Amino acid sequence: MTLPFYLRRNPLTQRDDDFSAQTLVFETSEFEAIVSKAVKRHSSLNEVDTTLAVNAVFEQVYEELLAGNNVITPMCNIRLSIAGVFDADHMDFDPEYHKVNMNFTPGINFRNLAQEVKLKKITASDVLPKIDGFEDSESESKNEKITPGKGGIVKGSKLKLNKDKAEEGLFFIAADDTEHKVTTYMRNMPSELIFSIPDGLTAGKYRLEIRTYLEGKTLRTGQLDYELTVD
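Residues in the sequence shown are numbered consecutively from 1, following the UniProt record's numbering.
No wet-lab data here; the hints were simulated from the structure. Incorrect hints may appear among the rest.
Under the rule of at most 27 Å between Cα atoms (straight-line distance), these lysine-lysine pairs were calculated in the DSS-like manner [to be verified]:
{"#": "1", "residue 1": "155", "residue 2": "118"}
{"#": "2", "residue 1": "217", "residue 2": "37"}
{"#": "3", "residue 1": "217", "residue 2": "40"}
{"#": "4", "residue 1": "155", "residue 2": "99"}
{"#": "5", "residue 1": "40", "residue 2": "165"}
{"#": "6", "residue 1": "145", "residue 2": "160"}
{"#": "7", "residue 1": "145", "residue 2": "158"}
{"#": "8", "residue 1": "99", "residue 2": "158"}
{"#": "9", "residue 1": "150", "residue 2": "205"}
{"#": "10", "residue 1": "163", "residue 2": "150"}
{"#": "11", "residue 1": "145", "residue 2": "205"}
{"#": "12", "residue 1": "165", "residue 2": "150"}
Label-pair restraints from in silico Cβ distances [unchecked claim]:
{"#": "13", "residue 1": "46", "residue 2": "66", "range": "39 to 49 Å"}
{"#": "14", "residue 1": "112", "residue 2": "148", "range": "42 to 52 Å"}
{"#": "15", "residue 1": "94", "residue 2": "67", "range": "42 to 52 Å"}
{"#": "16", "residue 1": "63", "residue 2": "38", "range": "15 to 25 Å"}
{"#": "17", "residue 1": "68", "residue 2": "148", "range": "42 to 52 Å"}
All of these numbers come straight from a predicted model, not from anything done at the bench. Using N, Cα and C, we set each Cβ at its ideal position, and we do this for glycine too.
Using the sequences and the hints given, assemble the complete structure.
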């Protein structure tokens, strides 16, 4: 198996020579599926007992961390730390200003995994919805301004949305990760979307993202390579 990746332009710089790698995940392995696969590889195991045993280990790890202990396992190492500024040495922990963080590092059995992963570079347009450009109808600008409540046009490939699926859609995402989903479309085609820009966008920077299942069971995501602005 390989880890596919593609290159996308850095939306923060908009430079022609600034790209970053984006990995593509085709499947997410959940706990039950992992246990099932492990049992099939070891004939002496069964799913019920294996699940109980692993959950018992997880519960004990939880208790160790609650006790303030560091945890070292073959898969990962975990330690707790405190973040935030204390103004004086007599100041106590205040959850309004401080928080406890969990810090994970690879365990001894996983430290070399990154070097063993086989990579495969792909073209994003082969497997993902792709936004080539955004046009704000009110200002007639391209890949720059957003006018809330007015018309917008997105062009690209694999854009058509299934509006019956709540997870699919076109989203304007603010700097604080607040999402504003487009709800009204006048045109919904693979190469073009025409829509009403959400009213609730306040002044600031936004990134534009499309999410669609395409023909599979995994939600695919595409982004415009430029930051957009509401004045």
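Results for each hint:
no. : hint                  : result
1   : 155 - 118             : 33 Å, violated
2   : 217 - 37              : 20 Å, holds
3   : 217 - 40              : 24 Å, holds
4   : 155 - 99              : 43 Å, violated
5   : 40 - 165              : 35 Å, violated
6   : 145 - 160             : 23 Å, holds
7   : 145 - 158             : 24 Å, holds
8   : 99 - 158              : 42 Å, violated
9   : 150 - 205             : 17 Å, holds
10  : 163 - 150             : 20 Å, holds
11  : 145 - 205             : 9 Å, holds
12  : 165 - 150             : 24 Å, holds
13  : 46 - 66: 39 to 49 Å   : 30 Å, violated
14  : 112 - 148: 42 to 52 Å : 50 Å, holds
15  : 94 - 67: 42 to 52 Å   : 22 Å, violated
16  : 63 - 38: 15 to 25 Å   : 24 Å, holds
17  : 68 - 148: 42 to 52 Å  : 49 Å, holds
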